[in-house]
Structure formats: C-alpha cells, structure tokens
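Quick note on numbering: the sequence shown equals residues 1 to 193 in the working numbering.
Hints are not guaranteed to be accurate.
What the hints assert, rightly or not - Label pairs and their in silico Cβ distance ranges: (1) K113 x S53: 44 to 50 Å; (2) R3 x N135: 52 to 58 Å; (3) I142 x E51: 48 to 54 Å; (4) A175 x E145: 53 to 59 Å; (5) E115 x V7: 49 to 55 Å; (6) E43 x A175: 47 to 53 Å; (7) L130 x D55: 15 to 21 Å; (8) E145 x G170: 47 to 53 Å; (9) L130 x N183: 50 to 56 Å; (10) D55 x Y178: 43 to 49 Å; (11) G123 x T155: 19 to 25 Å; (12) D122 x A180: 48 to 54 Å; (13) I173 x V124: 41 to 47 Å.
What the hints assert, rightly or not - Once the Cα atoms are required to be at most 25 Å apart in a straight line, the calculated SDA-like pairs of lysine to any residue come out as: (14) K116 x I168; (15) K44 x K116; (16) K52 x I168; (17) K116 x Y54; (18) K98 x I153; (19) K86 x F47; (20) K80 x I142; (21) K116 x K148; (22) K44 x F133.
Just so you know, the hints here were simulated from the structure itself, not pulled from any lab data. Glycine residues also receive a C-beta, built at the ideal position from the N, C-alpha and C atoms.
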Amino acid sequence: MIRYVFVFLLLLIIPSSSHAFAEHIFNSDAYAQYLDISQLESEKVTFEYDEKSYDVYYGYHGSFDAMGSDDPIPVLSSMKINEERKSIEIIMDDVPEKTDFWVRAPTDVISAKGEKFTVLVDGVDTRYDLMKFPNDYVVGFIISEDTKNIEIIGTRVIPEFEGLSILILGIPIMAIIYVAQKNPLVRDWTRIN
1 MIRYVFVFLL
11 LLIIPSSSHA
21 FAEHIFNSDA
31 YAQYLDISQL
41 ESEKVTFEYD
51 EKSYDVYYGY
61 HGSFDAMGSD
71 DPIPVLSSMK
81 INEERKSIEI
91 IMDDVPEKTD
101 FWVRAPTDVI
111 SAKGEKFTVL
121 VDGVDTRYDL
131 MKFPNDYVVG
141 FIISEDTKNI
151 EIIGTRVIPE
161 FEGLSILILG
171 IPIMAIIYVA
181 QKNPLVRDWT
191 RIN
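Generate coordinates for the entire structure from the input sequences, incorporating the hints supplied.
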C-alpha cells in the first residue's frame, strides 16, 4: 500500500505537461538563419533573378580589423554569374598585397556536386577552404598581389532552366507526340496511342 501512495505522490510531483521545459526559449523562429558578423561587416553583391534577390557576401583576411586603419585593402571591380561555365566570375580592381579572400554565396546561387568546387585565380587552379552553412557555402582561398580574375566553378548556378527554356523544350516534344499519333505510317512504329 505504501508503494501505491509513493507512486501516486511521484505522479503528482512530476509535471505531466506536453511542453518541453525549454520551449519558451526555442520557438519556431529560433531556427531561422540570421546574419552573422561576417555578413554584417562585409561587402555584398546582390543578384536578382525571377523577382528574387540573392546576396553574395565577400571579404578578405583582416577586413574587419582593417576598417579603421590606413592599410591598403583589396578592391573588387565586379562580380557576375556565368551561366555557360556555371560559375561566379570576380574581377579585382586592385590587390595591394597577398591576402585571404572569401565569398559566401547561397546554395541557390551556386552549388557543386559533392561540394567539389573549382577555384581559378588568374586561370590557375587554386586550393580552397570550404565551409557549409545551412543555406550558404563559404569558399576561401589566397589571392596574390595584382590578382585580376577569380572564378568559382560549380555544377549549378542560377538561373537554371528558366520557364522560357522549359517552354521551348516542351513545344517540340508536344509536336513530336502529335505527329506520331496522327501520321498512319509513324503510328505503326510507335507505341503512343
């Protein structure tokens, strides 16, 4: 009998709530990705495709520390997406000294199968460090003094197969199916009924 009373008292003491104790801290907004210090203090280029904008951040080693100093800093001239090469092309205006350079791009902008990018600095294949965030890749590498052209090559970039491309591919396929159904000579060759 004492055992039953003890179990009953334990059940009264133990909360029977369906809520976790830390639920007031971890609400659904806690899993959104907020800007980190590298994004807040770095420069960015914004690409717009299909009325959606994508921010690509970039910086260099010591960029946060050098903000108030007189040290020369690298100057980026332009950044663009090359759809044919599936890459981000970066043109530097001035690189006064050897430094680390990094680019943080959303996976919607550029991605690589198996996370194996190719980085070319002035046409030379260059080793790089890769850091993966939930929605971004950060590719970091060393650029030499007077570097001009940088290319980060992946296996997919935006825009990939826009609506117009699908429409252009869909019309010939529909025409082939129509001809195959209506032409008596071709109808015997195919199994499309």
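Identify every previously stated hint that the structure contradicts and give their numbers, smallest first. Of the numbered hints, 1, 3, 14 do not hold.
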